[in-house]
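*Asks:* Here are the chains, one letter per residue:
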Amino acid sequence: MEKKGWDGFEIGAMLRSFEGAVSGIATILPEDRPYSASSSFTASVADWRIQKPLFNKDYCIDCQFCWVYCPDLSIISRDKKMVGIDFDHCKGCGICVQVCPTNPKSLLMFPEQIEEEVALAEWPTKNTSKATTEAKEE
Amino acid sequence: MSEIKKIKNLKEFSTSADRFEGANLLCPGCAHSIIVREVLNATNDDLILAASTGCLEVCTAVYPYTSWDASWIHVGFENGSSAVAGAEAMYKALKTKGRLKQPDRTPKFVAFGGDGATYDIGFQWISGCFERGHNIMYVCLDNEVYANTGGQRSSSTPIGASATTTPAGSVSYGEKKNKKDMLAIMAAHGAPYVAQVAPNKWKDMVAKIQKGFAAEGPVYINAMSACTTEWKFAPEDTISISDLATDSLVFPLYEIIDGTQLNITYRPKNIIPVRDYLGAQGRFKHLFTKQYEYLIDEWQARVDAKWEYLQRREEASV
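First to last, the sequence lines map onto chains A and U.
For what it's worth, the numbering used here labels the leading residue of the first sequence as 1, then goes sequentially.
For what it's worth, the numbering used here labels the leading residue of the second sequence as 139, then goes sequentially.
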């Protein structure tokens, strides 16, 4: 992107005005937001990862632990359902896998280059899984 | 007046639209952004935010990007609190003069600072804001070390922790001074609401943040922020280390209302030994040698005494 001086940022890139609808931005989901190029939403930290989390819908119970504990806003939840992972912003820390309470886990870490279909095919089943983390209380 | 956002359970909470963005440059597994998200998502009102210098500030405002979808300002290391207090004073003045275009809107004023900016460098400024009684919330992201500059000790660093300016070795066991009791200090200012929170107890945290937003006057929140880089644990363990901290009562979760009424908000079902908490972190590794082992018992005794004190204060409500 074009780099700008301190006075060159578009209005609204940093400051939001008091005018307009009450609690405007707080109810607009990222896909509907008019992001400026200065928002880090438009940037990517995907190259930080050496491992990536993958999501298996079959085992997910939509508890949303991964959503609340994700430091990088990379768990996409819509209408109380876990939808997927935002791989532009995920740094591969693995917190989502640690807090996943299901058995087997519905999120697991895989090497960055693995194909999603391959990973889903070799997903552990309940018996072979080491994942026995107790469901955390709410 | 705006209503308090209803958050009954985690599913409901997960419908929040975050006003903080990814691709910030915080370390993978950093608890700072978990805390920030829980604070910002606790309300749907407008937010006026400030950050003191620290990990959060340098990582979320990297030229030419910003990670904040709200008004955000950074001034200096020490004055995140007074920057947001200034904005609050302006808001109040405009309101009194009737010059606000939408006077029914109730923006929330929040300052974030690390423990260095809170316990040491910005202490005087925070004290001033609390004395003047601004209607602000100050959130201290307490990771017990100057993580941004390479891990120097702060006055929040606990006894026995190895930091770059208090390294552990054959002559020293690391930090020798105990942690400042910042909550007691802020409560002594007569603040209407002071609380300690931890990101792993999200419900407790959101409830406290909402109480803080509802309170009239300065609010101090001490948020435990497990630091994967300086506490030396694997990035995926942030939440489990936080669980160890709250369940071993190293970070007891409580609130102090009007400087007197102390309520313990989380009582672990099984209190785990402090040894487990210390053993999970690289910064306390040297305590598990013959030379320094006695410090673990001292740790346990200090934590027990503090817990006893908190329970007595709760009972006596003084």
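The hints are simulated quantities; they were obtained by calculation from the structure and are not laboratory data.
We put the beta carbon where it would ideally sit given N, CA and C, even for glycine.
Certain hints may be false.
Listed below are the simulated BS3-like cross-link pairs for lysine-lysine, each with C-alpha atoms no more than 25 Å apart in a straight line [said to hold, decoys possible]:
no. : chain 1 : residue 1 : chain 2 : residue 2
1   : A       : K81       : U       : K144
2   : U       : K341      : U       : K407
3   : U       : K144      : A       : K80
4   : A       : K57       : U       : K407
5   : U       : K341      : A       : K81
6   : U       : K407      : A       : K80
For each label pair, taking beta carbons as the anchor points, the in silico distance ranges come out as [stated by the list, open to error]:
no. : chain 1 : residue 1 : chain 2 : residue 2 : range
7   : U       : A372      : A       : A37       : 32 to 38 Å
8   : A       : A37       : U       : S455      : 36 to 42 Å
9   : A       : P34       : U       : S455      : 48 to 54 Å
10  : U       : K423      : A       : E112      : 40 to 46 Å
11  : U       : V309      : A       : I61       : 30 to 36 Å
12  : U       : S455      : A       : E122      : 45 to 51 Å
13  : A       : T27       : U       : V309      : 57 to 63 Å
14  : U       : K233      : A       : Q113      : 53 to 59 Å
15  : A       : P111      : U       : G417      : 53 to 59 Å
*Asks:* With reference to the structure, classify each hint as holding or not holding.
*Replies:* Going down the list of hints, with the structure as the test:
| no. | hint | result |
| --- | --- | --- |
| 1 | A:K81 x U:K144 | holds, 18 Å |
| 2 | U:K341 x U:K407 | holds, 17 Å |
| 3 | U:K144 x A:K80 | holds, 15 Å |
| 4 | A:K57 x U:K407 | violated, 32 Å |
| 5 | U:K341 x A:K81 | holds, 19 Å |
| 6 | U:K407 x A:K80 | violated, 29 Å |
| 7 | U:A372 x A:A37: 32 to 38 Å | holds, 35 Å |
| 8 | A:A37 x U:S455: 36 to 42 Å | violated, 54 Å |
| 9 | A:P34 x U:S455: 48 to 54 Å | holds, 50 Å |
| 10 | U:K423 x A:E112: 40 to 46 Å | violated, 30 Å |
| 11 | U:V309 x A:I61: 30 to 36 Å | violated, 53 Å |
| 12 | U:S455 x A:E122: 45 to 51 Å | violated, 58 Å |
| 13 | A:T27 x U:V309: 57 to 63 Å | holds, 58 Å |
| 14 | U:K233 x A:Q113: 53 to 59 Å | holds, 57 Å |
| 15 | A:P111 x U:G417: 53 to 59 Å | violated, 30 Å |
In this structure, the hints that do not hold are numbers 4, 6, 8, 10, 11, 12 and 15, in rising order.
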